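Protein chains: 2
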Amino acid sequence: MICTDKNCFSPETVRRLAVYLQNFERLIKNGVDVVSSGQISKLLNVSPEQFRKDLSYFGEFGKRGVGYQTESLVYELKKILGLNQAWQVALVGVGRLGCALLNSQDFSELNVRITAAFDSDKKNIDKTVNGIHIHDIINFKKIIKQKKIRICVISVPLDHAQAVTDLAVESGIEAILNFAPVILNVPENIHVSNMDIYCELERLIFFLNK
Amino acid sequence: MICTDKNCFSPETVRRLAVYLQNFERLIKNGVDVVSSGQISKLLNVSPEQFRKDLSYFGEFGKRGVGYQTESLVYELKKILGLNQAWQVALVGVGRLGCALLNSQDFSELNVRITAAFDSDKKNIDKTVNGIHIHDIINFKKIIKQKKIRICVISVPLDHAQAVTDLAVESGIEAILNFAPVILNVPENIHVSNMDIYCELERLIFFLNK
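Taken in sequence, the protein lines are chains A and B.
Residues in the first sequence are numbered consecutively from 3, following the numbering used here.
Residues in the second sequence are numbered consecutively from 3, following the numbering used here.
No lab work stands behind these hints: they were computed from the structure.
Hints should not be assumed to be uniformly reliable.
All copies of an identical chain are treated as equivalent in the list; a pair is satisfied when it fits inside any one copy or across any two copies.
Unchecked claim - Below, a list of computed lysine-lysine pairs in the PhoX-like style, where the Cα atoms sit at most 25 angstroms apart:
#1 K147 <-> K212
#2 K144 <-> K124
#3 K149 <-> K212
#4 K80 <-> K212
#5 K55 <-> K212
#6 K81 <-> K212
The structure displayed is predicted, hence computed values, not measured ones.
Based on the sequences and whatever the hints tell you, model everything.
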């Protein structure tokens, strides 16, 4: 029974699939061809039931008593997640965090890559960080359309996040990963994911304080 | 009707409260004493109904026709979120991301602060980043107990995240903000929040690919 409505399971399932993928890619690199359900469970810190359930939304994987072939799992997970093709990502705001994001990219591994960075500060424009050219934000729309980029990471100060978002939406961006501590106003068809570190710490504190 | 069970509303509510707080603190800094419901709605990109609902879990705020006093809102939000006291945070892993986190701290503003950083790499140990001393990880337990730190940010490579987590739990840490792409195995009473950037991008791609 395959669930074809991608909304019918939680975002946490998708996060776990992404984690599985990263870990199985690592196994392949370490020369592991086949893993048992028990080994997976230990490696990933999920119960065999959880692992099977997460995959079961998308089909049948592994053989009873034989286990899972890592190559084939990676292939299937990439297909499920849409990672069997390359995805370009734009980054707006090359401050400390933006810079760390650019520097943390390992280009040999990912098929999700920041391929264009933008800033409005003259001292950053036309510089290069980890091989990525930093463009003037005024050229955003032109470059996004040229490169057909659909995803944008926003790491600008709070005050500028909505303006950048408006520009992104106007330029055809469909998904935004937002690091600014604001609630972005976007049309319904735009996907937004928020990752503000201090908001996240405050959320943890709230639960600690219970 | 005040909800006293803090589990009865979504984590998204708590995130919004944290966002409200950051924005109202900004208003005070800009000399704004009173805001109307309409101004709040425009500033925060939430409907007046959503804003009222988020606060209503905790009591009655603002005066009909008068609006909200920013000072009093900040006071109440801090109380709700447990931020009327200072919280110390430990950071393990002073690589690129860890370094960016340390550098991004503005000490004049936050009562949530990374006050101790740890690494296992000799070339980082005993250095100082933005005023924070980097300790040898072997002293983690001692320092955590000394400083009575309850929250830990983990920004170490995938392979080391579980070992650091085990050490953190053993040392009395109760909440973990994890940047590694792994599912951490922790006792039930430990709060974990995951912030892996590539997992998050992959999740967005999954929905784009729909």
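Against the structure, the hints come out as follows:
1. K147 <-> K212: between (48 angstroms within a copy, 21 angstroms between copies)
2. K144 <-> K124: Within. Shortest intra-copy distance 19 angstroms satisfies the 25 angstroms Cα cut-off; inter-copy 46 angstroms does not.
3. K149 <-> K212: Answer is between; shortest inter-copy Cα gap is 21 angstroms, intra-copy 48 angstroms.
4. K80 <-> K212: Between copies only: 14 angstroms across chains, 40 angstroms inside a chain, cut-off 25 angstroms.
5. K55 <-> K212: between (32 angstroms within a copy, 20 angstroms between copies)
6. K81 <-> K212: Between. Shortest inter-copy distance 12 angstroms satisfies the 25 angstroms Cα cut-off; intra-copy 41 angstroms does not.
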